[in-house]
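Novice: Residue numbers (our numbering), protein chains in the order written: chain W, 1 to 365; chain B, 366 to 730; chain G, 731 to 1095.
Each hint should be verified, as a subset may be incorrect.
[Said to hold, decoys possible] Straight-line alpha carbon distances no greater than 35 Å define the calculated DSBU-like cross-link-like pairs of lysine-lysine that follow:
1. W:K356 with G:K931
2. G:K1069 with B:K566
3. W:K330 with G:K1086
4. B:K725 with G:K1090
5. G:K931 with G:K1060
6. W:K339 with W:K201
7. G:K931 with G:K1086
8. G:K931 with B:K566
9. G:K1090 with W:K360
10. B:K721 with W:K210
11. G:K1060 with G:K1090
12. B:K575 with W:K330
13. W:K356 with W:K201
14. G:K1069 with G:K1086
15. B:K725 with B:K566
16. W:K360 with W:K330
17. G:K1060 with B:K721
18. B:K704 with B:K721
19. W:K339 with B:K704
20. B:K721 with G:K1086
21. G:K940 with W:K339
22. W:K201 with B:K566
23. G:K1069 with B:K704
24. B:K725 with B:K695
25. W:K360 with G:K931
26. W:K201 with G:K1069
27. B:K566 with B:K721
28. W:K356 with W:K339
29. B:K695 with G:K1086
30. W:K360 with G:K940
31. W:K210 with B:K725
32. B:K721 with G:K1069
[Claimed, not checked] Okay, the calculated bits of chain W under chain B, using three or more residues with CB under 8 Å as the criterion:
33. 36-42
34. 215-225
35. 342-353
Calculated directly from the structure, the hints in this document are not laboratory data. A quick note: this is a predicted structure, and the numbers were derived from the prediction, not measured. Using N, Cα and C, we set each Cβ at its ideal position, and we do this for glycine too.
Residues per chain are reported as follows:
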Amino acid sequence: MSRSYRIDEIAAALGAEAAGALDLEVTAAAEPGDAGLGDLALAMSPNYADALGAGRARAAILWPGADWEALGLEAAIFAPRPRMAMSGLTRMLDPGQGFAPGIHPSAVIDPSAILGGDVSIGPLTVVGAGARIGDGSVIGPHCHVGCDAVLGDGAYLREMVSIGARAEIGARFIALPGARVGSDGFSFVTPEVSGAENARKSLGDQGDAKAQAWVRIHSLGNVCIGDDVEIGANSTIDNGTIRATRIGSGSKLDNLVHVGHNTRVGRDCLLCGQVGVSGSVEIGNSVVLGGQTGVVDNIFIGDGVIAGGGTKILSNVPAGRVVMGYPAVKMETHTEIYKAQRRLPRLLRSVAALQKAVSKTGASD
Amino acid sequence: MSRSYRIDEIAAALGAEAAGALDLEVTAAAEPGDAGLGDLALAMSPNYADALGAGRARAAILWPGADWEALGLEAAIFAPRPRMAMSGLTRMLDPGQGFAPGIHPSAVIDPSAILGGDVSIGPLTVVGAGARIGDGSVIGPHCHVGCDAVLGDGAYLREMVSIGARAEIGARFIALPGARVGSDGFSFVTPEVSGAENARKSLGDQGDAKAQAWVRIHSLGNVCIGDDVEIGANSTIDNGTIRATRIGSGSKLDNLVHVGHNTRVGRDCLLCGQVGVSGSVEIGNSVVLGGQTGVVDNIFIGDGVIAGGGTKILSNVPAGRVVMGYPAVKMETHTEIYKAQRRLPRLLRSVAALQKAVSKTGASD
Amino acid sequence: MSRSYRIDEIAAALGAEAAGALDLEVTAAAEPGDAGLGDLALAMSPNYADALGAGRARAAILWPGADWEALGLEAAIFAPRPRMAMSGLTRMLDPGQGFAPGIHPSAVIDPSAILGGDVSIGPLTVVGAGARIGDGSVIGPHCHVGCDAVLGDGAYLREMVSIGARAEIGARFIALPGARVGSDGFSFVTPEVSGAENARKSLGDQGDAKAQAWVRIHSLGNVCIGDDVEIGANSTIDNGTIRATRIGSGSKLDNLVHVGHNTRVGRDCLLCGQVGVSGSVEIGNSVVLGGQTGVVDNIFIGDGVIAGGGTKILSNVPAGRVVMGYPAVKMETHTEIYKAQRRLPRLLRSVAALQKAVSKTGASD
């Protein structure tokens, strides 16, 4: 974090307007109230005006039209879409994890693995036979890249990531600590029809199936991941059974997310923390699944679907729908049901009163 | 995957009938539409007939009675129970992770550990003092086998698995990347009665308990696991407090599953992705818990219970029951409640209309 | 577990009364029915009286007032608050993981890292540049302590824990296998307003936002953790964006818990298994979140709030409230709604009958 940046340099990187002492230098970003003399305060809405006064920043990123001089600043950058400005700024100022360049001598790299130019491999990392790692990739400490796995250019793996054998991953892949790509699918079968199979077909009746042992179906498929994908800490993506499990380009998975075997996630999806997607699910493009959303197996979720936090999706969802609840329903239906539920106890009392009243009139049979 | 298999060899392994060129050789399995000349297409229901035509397979596994010649094939295997055939076939064709045989020189193995015959230990794996690993086991890279832990014959650990001290594990154990056996139980107590204790007893009232610090209860028990158990990626099984936490033979846990301290899971259970079982739960045999099911502590779940995805089990469930919902109710009750819920807003309007109508007749008090 | 303890030594450590042969020695604790001659049986309520007879223990911890001689014991300790006694006893008898003292030669420790007195570092652990580890800490095998991270005195890290760069952690920190401190926050933005943003504002309407790629917001903040904090196996705590993500002193997180970027958890909180807290949440002191509870972003949860298992908290919760359900409501409301729901199908039939009856009287419009 010791590097410093000029105000005009930051503004140019963000494609933003700036004013005041454009050659002023800052070394870090800070919340307005915490900012020191060398910090760039982030005050992108008028709500932060007071906090700016409490801090000591000489420069800030401000909302469009802010009167930076009246706010006591020497320089300002103006951000019409604050979070986009945050993106550029944080990329610029990110000090990273301090992973050293080069190949650490304690790494165990199979001689048949092919490393691109300018690849760094952290201490105690294992790279298997036939694995290929693209140019400019940073493989952190304690990672495992399996046999014949392929990582595109510019991969960035934090510590303790594992990539299973034969995984195929595009460019600019990011994996956070403990992410697992290419675990085996959870797929078992009983020699004869099981109670669980009966219950699914009949929606609740196990029939007379007897208890049986589970026999494993191995995963012969791999995981295929597009470009610009990010996988969160301790998330898991299973291999497909015959075909690949797929994550489309531009999709981002948060921490502790599970994606089952054979599932295909489209492009530019967001799967938030602890989302669980079963096997053989087809998820379209630009789908957003809120935290702890669950998806049963063998269904589809259309393009642009948005699920609120905690939603349990038990059947197909057409494109463009916003859903919530357990089981998932349209957001507006969910809100209506929720309101009605809160009135339920009162409703029961009303109906009891009505029954009594109607019975008095002798109207009931 | 370079080995090839004759059609009659595969049929014999599956105990299935075959027809046509029984000496034809295949090297891999494929979906019908993706299959190349050297692949065995998997087309176990008539739904795949068209896709077979689109692919180039010369041999396929087909549904019983299929006219393989009319489908343009040179050889066919017939599968009366398709997923059982998948089990045999995928076991046969599984190329594995390519873990090398033998003990990798970078592994750190305590001299007092006892390794069975034909054991392989991957690079950078740690085996603690007094640990015992059964014959024919494959311990992947970056694993940790704690002090005095016992693994039965034929164990297979993918990369980065940790087995805590004193764990006792039966034969043919499979653990996927990042699985944790023998983490410490989550058990804390306050010096005096806490608000949470009061709220549990009164179903909602914290009483006048004051804020207190939590004091740790250590886990002296271990984890005991039967034969033929599989634990998914990044799943966690806690040690018991005094007695063991137990997973019965034949049970399979998916990814990101949590099993709390003292809990006993019976034989042949399936715990699907992200299931969470609290401490001191008694789970019977042949229980299936759908993805993201949660189970509160100190209850029992009888033999053969099946819980749908997302179920939150808050009280005892008798044997054989199929449940769903939050809180869990019988599947048929859940369906009935769900349908009624969707009619709730309309119901509210109906009751309002009735009230108005009855009030007109002067019938109400 | 070979060390033995005298009855009076244990009683003194627990601050408890004892009776009988105070010099009797025990080596382990056991459930009453399983106890051998050298075990201390744990029989803290009269429910265990029969089991005591079935086991072979000569000494036990009993409920206050128990007639130890009639129970056939030679010595007894009396525990007025059983779980507090369990805490002291299990701490005393915990055999630990057997991690060896000293610095293992296979550990990769940057020369600029500063280790306190009496620190042990397990095999194959990496300690980054500028990291500081407090006196008496035990860092297990396969751990990663990032650059400039600070661990207070008496830290205890099980195997495969990762601590990100610049994390600041107080005294007596405990981290279980696979815990991740300092993963990157899940924070993305689209160049223009997205459908998800529209849907949140309108509670369900995506508007006419077009599909766009997600741009990353990097995490410049770190994780700050107080004293006496414990983080469970495979749990994840993300770095803050600009400010720190904070976990207050005395708070305990169970396994597979997720805490998002910028969130602040207060003092003495319990986050049970698989709890997920989104970003920028403010959680007060002494909050207890039951297993699988989810919390949406940018809300607050007041001091002393208790959430039952599976609760989805979608809006602010005032201090002291006990909540449950999806969405979270007061526990008593949840119970009332739940009872009413089960009566819903019957209610629908009653209202239909009423409609018919009222229609007969000619009362309806």
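Novice: For each hint, tell me whether it holds in the structure or not.
Specialist: Hints, verified against the model:
1. Note on K356 of chain W and K931 of chain G: the hinted pairing is violated, with a Cα-Cα distance of about 45 Å set against a maximum of 35 Å.
2. Between the alpha carbons of K1069 of chain G and K566 of chain B the distance comes to roughly 19 Å, so the proposed pair stays at or under 35 Å and holds.
3. A C-alpha spacing of about 32 Å is found between K330 of chain W and K1086 of chain G, which places the hinted pair at or below 35 Å, so the restraint holds.
4. Simply put, K725 of chain B and K1090 of chain G have alpha-carbon atoms about 14 Å apart, close enough for the 35 Å limit, and the pair holds.
5. Of the supplied pair hints, the one linking K931 of chain G and K1060 of chain G holds, its CA atoms being roughly 25 Å apart against a limit of 35 Å.
6. About 33 Å separates the Cα atoms of K339 of chain W and K201 of chain W, which keeps this hinted pair within 35 Å; it holds.
7. Of the supplied pair hints, the one linking K931 of chain G and K1086 of chain G is violated, its CA atoms being roughly 43 Å apart against a limit of 35 Å.
8. Of the supplied pair hints, the one linking K931 of chain G and K566 of chain B is violated, its CA atoms being roughly 40 Å apart against a limit of 35 Å.
9. Distance restraint check for K1090 of chain G and K360 of chain W: the Cα-Cα separation of roughly 14 Å lies within the 35 Å cut-off, and the hinted pair is therefore satisfied.
10. Proposed proximity of K721 of chain B and K210 of chain W is contradicted: the alpha carbons are some 56 Å apart, above 35 Å.
11. Distance hint between K1060 of chain G and K1090 of chain G is unfulfilled; the C-alpha atoms sit about 42 Å from each other, more than 35 Å.
12. Under the criterion of a C-alpha separation no larger than 35 Å, the hint pairing K575 of chain B with K330 of chain W is inconsistent with the structure, at around 43 Å.
13. Straight-line distance between C-alpha atoms of K356 of chain W and K201 of chain W comes to about 43 Å, which puts the hinted pair past the 35 Å bound.
14. With a C-alpha separation of about 26 Å, the suggested pair K1069 of chain G and K1086 of chain G falls inside the 35 Å cut-off, and the hint holds.
15. Distance check on the hinted pair: K725 of chain B and K566 of chain B sit about 47 Å apart at the alpha-carbon level, beyond 35 Å; violated.
16. The hinted pair formed by K360 of chain W and K330 of chain W fails the criterion: a straight-line CA distance of about 41 Å is larger than 35 Å.
17. For the proposed pair K1060 of chain G and K721 of chain B, the alpha carbon gap of about 32 Å is at most 35 Å, so the pair holds.
18. Proximity of K704 of chain B to K721 of chain B is assessed by CA-CA distance (about 26 Å); at most 35 Å being required, the pair is judged to hold.
19. Note on K339 of chain W and K704 of chain B: the hinted pairing holds, with a Cα-Cα distance of about 16 Å set against a maximum of 35 Å.
20. Restraint check for K721 of chain B and K1086 of chain G: the C-alpha separation of about 15 Å stays at or below 35 Å, so the hint holds.
21. At roughly 32 Å between alpha-carbon atoms, K940 of chain G and K339 of chain W fall within 35 Å of each other, so this suggested pair holds.
22. Under the criterion of a C-alpha separation no larger than 35 Å, the hint pairing K201 of chain W with K566 of chain B is inconsistent with the structure, at around 40 Å.
23. With a C-alpha separation of about 16 Å, the suggested pairing of K1069 of chain G with K704 of chain B holds against the 35 Å cut-off.
24. Distance restraint check for K725 of chain B and K695 of chain B: the Cα-Cα separation of roughly 41 Å exceeds the 35 Å cut-off, and the hinted pair is therefore not satisfied.
25. Pair hint K360 of chain W plus K931 of chain G does not hold up; C-alpha atoms about 50 Å apart against a cutoff of 35 Å.
26. Taken as a hint, the K201 of chain W and K1069 of chain G pair is honoured in the structure, with Cα atoms around 29 Å apart against an allowance of 35 Å.
27. Between K566 of chain B and K721 of chain B, the direct Cα distance comes to roughly 43 Å. Violation of the 35 Å bound is thereby established for this hinted pair.
28. Pair hint K356 of chain W plus K339 of chain W holds up; C-alpha atoms about 26 Å apart against a cutoff of 35 Å.
29. Note on K695 of chain B and K1086 of chain G: the hinted pairing holds, with a Cα-Cα distance of about 31 Å set against a maximum of 35 Å.
30. Distance check on the hinted pair: K360 of chain W and K940 of chain G sit about 61 Å apart at the alpha-carbon level, beyond 35 Å; violated.
31. This hinted pair does not check out: K210 of chain W and K725 of chain B have alpha carbons roughly 60 Å apart, beyond 35 Å.
32. Of the pairs offered as hints, the one joining K721 of chain B and K1069 of chain G holds, with about 27 Å between alpha carbons and a cut-off of 35 Å not exceeded.
33. Remark: the region 36-42 of chain W is not confirmed as covered by chain B, as 0 of its residues place a Cβ nearer than 8 Å to a Cβ of that chain, below the required three.
34. Counting residues of the region 215-225 of chain W whose C-beta lies closer than 8 Å to any C-beta of chain B gives 6; at least three are required, and the coverage claim holds.
35. For the region 342-353 of chain W, the stated coverage by chain B is satisfied: 6 residues place a CB nearer than 8 Å to a CB of that chain, which reaches the threshold of 3.
In terms of the numbered hints stated before, the structure departs from hints 1, 7, 8, 10, 11, 12, 13, 15, 16, 22, 24, 25, 27, 30, 31, 33, listed from lowest to highest.
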